[in-house]
Structures are given as structure tokens and as C-alpha cells.
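**Student:** Residues per chain are reported as follows:
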Amino acid sequence: MSVSTLDDLLQRIAAGKGMSRTLDMVSAATTQTAAALASGLISGTLYYQVPGTTHLSTLVGFTLPPGTLPLLLTHALLGTGSSGMLYIERQYLIGTVNLTATGDRLSHNSAGFPALRTQFGQASQPLTLTPLFEVTTATSVTAPEVRFRTAAGADGYINQDGNSVVGTRTFTFPNAATGVASCYMPMLELGDSGVRDITNIEVVTASSTGAMNVWGVELLDPIFMGGGVDVAKVKDFLHGLNIPDLRPATPTSGSFTTHLCLYGNTSNNGRIRLTLNGVTNS
Amino acid sequence: MIKDSNGVLKAAVTYGLWSRFWAQQTGASSSATVDCGGVHGRRFDRTITVPSMSGCNQALLTNCDMSCGDANCTPHFCIEYTLGTLAISGNVFSAGVTMPIKKIGSVNVQTAALKPVLVVTTVLAATLPTITVTYTNQDGQSGRVTGTGTGSTPIILPTNAAVNSAFDIAPHLQSGDTGIQSVQDIDTSGGTSGALALMGLLPLAYNPAAKQHGPVHIPPLALSMPQYRVVTGDRLAMYIFGGFTPGNSINAKCGFAFAGEVG
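Quick note, the sequences are listed as chains A and B, same order.
Numbered according to numbering that gives the first Met the number 0, the first sequence spans residues 0 to 281.
Numbered according to numbering that gives the first Met the number 0, the second sequence spans residues 0 to 262.
Hints in this document: simulated from the structure, not taken from any laboratory.
It cannot be assumed that every hint is accurate.
Within a straight-line C-alpha distance of at most 30 Å, the following computed DSSO-like cross-link-like pairs (lysine-lysine) qualify [said to hold, decoys possible]:
1) B:K102 <-> B:K9
2) A:K234 <-> B:K102
3) A:K232 <-> B:K102
4) A:K234 <-> B:K9
Derived, one-sided and incomplete: chain B residues facing chain A with beta-carbon distance under 10 Å [stated by the list, open to error]:
5) G37
6) T73
7) M98
8) I103
9) G148
10) G178
11) P207
12) F240
Fair warning: this is a prediction, and the values are worked out from it, not measured in the lab.
Where a beta carbon is used, it is the ideal one built from N, C-alpha and C, also for glycine.
Can you build the whole structure from these sequences, using the hints too?
**Tutor:** Take a look at the structure:
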């Protein structure tokens, strides 16, 4: 039976049907390169789980209790040395791109997308995701350029309306040596607000080294951390009744790599102590 | 029954607040890994026992201010229950209590610990011991085992874990489980000495901190979380989770206030 009232929700938490977990989240590296006009103007940092001072060999986000029942977020508590806007987000790996050669270079998880959720009572609705580039191997010598299309001019992404789109905008990495863990939100065509899938990426100008992850990001909730450094924050999601499901969406078929992370629109690298409380919705 | 801040005010005036100021400095704890919860934790071994009451029989936490000497942690103030203990030598388990029934709103709820924490009570002499807990889950199903099922991994503690190290084992519950009502067994794969206690925690207050002695004050009654009523004999404990230098000594200075009620 689904959660029905606030009292019901609180009783479920008391009955141990939920989550209360504190983890440290840290950016994967401290070598981010700030964005420029041709790279979307929004610098970004992804924060992954770190027990102690060393990242796990395979980066993971905030780990949830193993299971499949929806887990609704009720509170977030943060303490951080970072400033700026933070988002609790779930990211889905659409594919990877080798930036060292021109042409069609997206290694694409074609089966998983669109990601599906129940929305407004309708099951299996495709999610509109925000595209995000995450540099995993630093570029060098030449700033690479990419665009959402094939070299032959075929479409590059499926937009929020389910239409195939041939990208016309060129995304240029901000520096010939763009550092690992740099994150950028690439530009879409005018009028598009997100993607259901990214199908092709053409490397127009290659770099001597370089690779990136291409994520589709589900922005769950913003948490503004204010200016300056050393900020602590509490967000009670029940007061505004924005209670996102922390569990991943369903792939169209097969599976996808997905993490629950923090995304910051800054190249700051502070450590974030994140406590998430939630309730299981059965 | 207290339902709103006006009711709490009346109770405070009628029965009087009970408050405590508490400060402790503790030594180094052992670093957690992804194999034992993924977050550093420490328990302060100085606890507070709720005293007897007259005219009222349960109390709500009305105010809690915690500050900590470590900038990188989140203090948790909790009601603590010993669910079971393990003596490493001989692998001897002793059963503890079952999580209590607490009234939430107008309903009596069999609680289960969302935060079951393995605490080192005597320093371990054990090399990466695998600890297996058999328990009753949040739905009352007994015989559940940590580290089983899809996505669940065994609990492996650090070698020779230090006293007051606290490891959140919730990530290692059997797949599909989120809490523990009671414990049937705790088992170690090896070791020669030391002791563990599995504590079930009911959080009363959090104070996230961004910097040393720089917490955010959160009135407990203002946060949409279960307001657990404490009763005479409840044991109240302080934990700290998070941070990357667990070797630092920590001091926490806390002040609490409770308003009694009849429930």
C-alpha cells in the first residue's frame, strides 16, 4: 500500500521502512577546467562517494539499500566547503566518446534509453534528461570539438518530444588541456530542453588524448549552498512535497549504469558530508 | 497528547524541562571502508539515561545543539538500543533487546533501526574479520542474513578496529531489507580478542556542520521526521558520521532540553 498521509510516512520511517545514511561525497579529481562560451558556460563537478580520502577504484554514487521498492527522499542534510548550487541527481550512462579521432565516436548504450518512470499516473513514460559530458581522460595539444550528429549529417539525439534532432551547434572543450573530472552541459538546439537519448556524437576536431562519459542526468532537487565556503544546509522535502524517488528509472530494455550523485555548477572541489533520509513506498 | 508547538510549550511549563549539557573528547577510531558501511563513524561512550518522571511518562526532545571539533562530520543524537553483543574470543554471541514500540502520532509502531551500527566496545585483535548478522527485519521476518541477496555485500571490518569505531551496517542488510527489529546471532570469521555491540539507533536530532564548531541548528520538532518519545531508562548516545581523518580526537559539546508529556 502506498504512503497515504504524513503520519503514515512518519510511522513507516519509525518502523524501519526507509533509509538514514551519511556518506562523504567528493569530486573525482581536482583538475577541473572551467567552462567557456563554446562549452556551455556552466562549469560542473560530479561528487562521488568516498570512504575516507581515496575514491573507490570504480566510482560510485550514494549507495542505497539494496532493493527495488521506491525510496522517497524526505530530508537532505549537507555540510560542505563548497559553494554554489548543488543538485541531488541521478545520472544514467548514455555512452562514452573517444576524443582522439574524428568521426562518429559515441559508444552508445542503445538498449537502455529512453529511461522510463511512472509520471502523472501513466506508467513507463520516457524521462527527459539533461546531457552532461564528464572528462575521464584529459585532453591534450588540441581542444576537441564535438556535435550531436553523425559525420554524414544524421541525427544526434532524441529530444524531449521524442523527435530526432540533427545538432548544429559545435561544443568546443575550453582548453587544449581540459582536465579530468571536468563536467559540462552541452548545448542543444534552440527550443529543446533535454534529451530522451543521445544517438550519435561526431568528433569534428580530435585531441591527442581524451575521453569522456556522456551522461543523461535526472535533476531531482536543487540545494543552494550560498556564497563563500563552509556552508551547512538542511532541506526538508516534506514541507514542499517534492519527494523524489531515489531509485533509478527503468531501462527500455537491458540495463544501464546509473549513480545517485551530487552535481555542482562550479569547479569547486570541496568535500560534502551528505545525509539522506527516505521512506520506502510499497 | 502533544501535537503541536503549543502543546509542547504547555508541557514544558507544566512539567518542567529536563536538560543536559554534555561534552566529551574521544580518541581515534578506525577508518571505514566500502566493506563496512562506507562512512567513518564514532560513538561517544558517555551516554545519558533518561531519569524518572512524575506527572508525565514520556518526553519529546525540544532542542538540541551539537558542535563538533571535526569540520567534516554530522553529529547524530539518538536513542540507543543494544541489539546484541559478540565476544571475538570463542565467537560468543549474547542476545540484546528488541527495538521498542514507540507512539508516532496516534499509532503504536514496532520500530526497527534504520541505522544499525556495529560498535567496537573492546579493541579487536582480528584481521579483516567478516561479521555476519542474523536478524529480524523491518517486516518482522526472522532469519535474515547480512551480505546475502542481489546488491548486498558481506561486512568486513578493518583489521584490529579501535574502540568506539562505529560502522553503519545498513548497506549490508539482506537485499530488500532496510531495518532491524532484533538480532538472533552475530558471528565472526576470526580473531582472537575484542568485542562488538550491534546498536539500533533511533535518531532524535542532527546538526550538519560545514566547519569546526559551525553546525546548523535544527529544532527537532520542526523537522518532518518521527518524533520519538523517550521514556525513563532510555539510553541516549552521540554518534558522529562522516569525515576523512578519523584519527583526530574529537570533542562534542551538546545541550539538550526535553519537555514531558502524558501519553
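**Student:** Each hint needs a verdict: does it hold in this structure or not?
**Tutor:** Going down the list of hints, with the structure as the test:
1. B:K102 <-> B:K9: Holds. B:K102 to B:K9 sits at ~20 Å (cutoff 30 Å).
2. A:K234 <-> B:K102: OK: A:K234 and B:K102 at ~25 Å, within 30 Å.
3. A:K232 <-> B:K102: 29 Å, holds
4. A:K234 <-> B:K9: 28 Å, holds
5. G37: Nearest chain A Cβ about 5 Å off; hint holds.
6. T73: B:T73 check passes; min Cβ-Cβ to chain A is 5 Å, inside 10 Å.
7. M98: Nearest chain A Cβ about 8 Å off; hint holds.
8. I103: At 5 Å from the nearest chain A Cβ, B:I103 passes the 10 Å test, so the hint holds.
9. G148: 6 Å, holds
10. G178: Nearest chain A Cβ about 2 Å off; hint holds.
11. P207: 4 Å, holds
12. F240: Check passed: Cβ of B:F240 comes within 4 Å of chain A, closer than 10 Å.
No hint from the list above goes unmet by this structure.
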